[in-house]
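*Asks:* Sequence:
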Amino acid sequence: MQKLVLILLCIFLPPLGVAFDRGLGKDFFINLILTLLFFFPGMIHALWLALK
Numbered sequence: 001m002q003k004l005v006l007i008l009l010c011i012f013l014p015p016l017g018v019a020f021d022r023g024l025g026k027d028f029f030i031n032l033i034l035t036l037l038f039f040f041p042g043m044i045h046a047l048w049l050a051l052k
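Note that UniProt numbering numbers the sequence shown so that position 13 is 13, with each residue one more than the last.
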């Protein structure tokens, strides 16, 4: 159930999903930049980190 919530967060709010999974480190800021520039790459990056 927790993994499902994380995946849904990564789809709809990618930086929040990364923050819950990895914390506020470099992965979060990379994802934030990707999401702000283009939403789709941020979503792919978040899902990749969550499923890794």
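These are computed hints drawn from the structure, not numbers from a lab.
Hints should not be assumed to be uniformly reliable.
Said to hold, decoys possible - Within a straight-line C-alpha distance of at most 35 Å, the following computed DSBU-like cross-link-like pairs (lysine-lysine) qualify:
| hint | residue 1 | residue 2 |
| --- | --- | --- |
| 1 | Lys52 | Lys3 |
| 2 | Lys3 | Lys26 |
| 3 | Lys26 | Lys52 |
What the hints assert, rightly or not - Listed next, with one range per pair, are the computed distances between beta-carbon atoms:
| hint | residue 1 | residue 2 | range |
| --- | --- | --- | --- |
| 4 | Leu8 | Pro41 | 29 to 37 Å |
| 5 | Ile30 | Ile7 | 28 to 36 Å |
| 6 | Leu36 | Met1 | 12 to 20 Å |
| 7 | Lys52 | Leu13 | 27 to 35 Å |
| 8 | Phe38 | Met1 | 17 to 25 Å |
| 9 | Gly25 | Gln2 | 27 to 35 Å |
| 10 | Leu24 | Lys52 | 24 to 32 Å |
| 11 | Phe39 | Leu4 | 16 to 24 Å |
| 12 | Leu8 | Ile30 | 26 to 34 Å |
| 13 | Gly25 | Leu51 | 24 to 32 Å |
| 14 | Met1 | Leu37 | 26 to 34 Å |
| 15 | Gln2 | Trp48 | 16 to 24 Å |
This one's a predicted model, so the numbers in the text were calculated from it and none came from an experiment.
The beta carbon of each residue, even a glycine, is placed where N, CA and C say it ideally should be.
*Asks:* Now, for every hint given, state plainly whether the structure supports it.
*Replies:* Outcome of the hint check:
no. : hint                      : verdict
1   : Lys52 x Lys3              : holds (12 Å)
2   : Lys3 x Lys26              : holds (22 Å)
3   : Lys26 x Lys52             : holds (16 Å)
4   : Leu8 x Pro41: 29 to 37 Å  : violated (18 Å)
5   : Ile30 x Ile7: 28 to 36 Å  : violated (19 Å)
6   : Leu36 x Met1: 12 to 20 Å  : violated (30 Å)
7   : Lys52 x Leu13: 27 to 35 Å : violated (19 Å)
8   : Phe38 x Met1: 17 to 25 Å  : violated (30 Å)
9   : Gly25 x Gln2: 27 to 35 Å  : violated (20 Å)
10  : Leu24 x Lys52: 24 to 32 Å : violated (18 Å)
11  : Phe39 x Leu4: 16 to 24 Å  : holds (21 Å)
12  : Leu8 x Ile30: 26 to 34 Å  : violated (21 Å)
13  : Gly25 x Leu51: 24 to 32 Å : violated (18 Å)
14  : Met1 x Leu37: 26 to 34 Å  : holds (32 Å)
15  : Gln2 x Trp48: 16 to 24 Å  : holds (18 Å)
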